[in-house]
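Undergrad: Sequence:
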Amino acid sequence: MRLPLLNPAELNQVQRELYDDMRAGIATGFNTFRTALDDGTLIGPWNASLHHTGVGRAFWDLTKAMNAMGVLPIEVKEVAILVVGGHYNAAYEIYAHVAAANHIGIPLDRIAGLVAGVKPDELSAQQSVAFDVAHALCQRGPLAEPLWRLAVATFGDGGAAQLVYLVGLYAFVATTLNGFDVPAPDYDDR
1 MRLPLLNPAE
11 LNQVQRELYD
21 DMRAGIATGF
31 NTFRTALDDG
41 TLIGPWNASL
51 HHTGVGRAFW
61 DLTKAMNAMG
71 VLPIEVKEVA
81 ILVVGGHYNA
91 AYEIYAHVAA
101 ANHIGIPLDR
111 IAGLVAGVKP
121 DELSAQQSVA
131 FDVAHALCQR
141 GPLAEPLWRL
151 AVATFGDGGA
161 AQLVYLVGLY
171 AFVATTLNGF
181 DVPAPDYDDR
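In this text, residue positions in the sequence shown follow this note's numbering: the first is 1, and each later residue adds one.
With beta-carbon atoms standing in for the labels, derived distance ranges:
1. Ala58 - Ala9: 19 to 27 Å
2. Met1 - Ala58: 18 to 26 Å
3. Ala58 - Thr28: 14 to 22 Å
4. Arg140 - Asp20: 33 to 41 Å
5. Asp121 - Ala9: 48 to 56 Å
6. Gly117 - Pro142: 15 to 23 Å
To be clear, the hints were calculated from the coordinates, so they are not data collected in a lab. What you are looking at is a predicted structure, and each value in this text was computed from that prediction instead of being measured. Just so you know, even glycine gets a beta-carbon here, dropped at the ideal spot from N, CA and C.
Could you build the full structure based on these sequences and the hints that come with them?
TA: Written out as structure tokens, the structure reads:
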């Protein structure tokens, strides 16, 4: 890990404001996996956000804005996130979203396929489109027009846009995690 963990008691005013905002959001939307140590020290992408508060604030505001779109069902979002995390082999992202996907009932064999970039046969129609869009966006070049139209037909304009933003956001998260060599906590360490 390239960035030391920042203890909440040692944060400056700007870091503290961001920390408090992130902790409030984390408590409502990221509670199926470990996001902090027992003393409140944030781990995962949130620690990097506290080190670089300008980027961290922008990342957190983008996360909130994308989630506020509220069009995509949670299982569709998790399919896309697992594809992105697997593509980038981002340990913490994979750890977190394996836990989140399993919590909402996606079976482990299906999760394993998603992380490996292999489309499971048992996906719903919406999940299948999410897989295809996320997988295509993780490759080079623009999203093919027929796939974009299928996403719009499946999720509407707002849902297709949210899916694109979600893939981009989690590509950013994965790159951040990999760049700063952020590990996943032990699975027993929740």
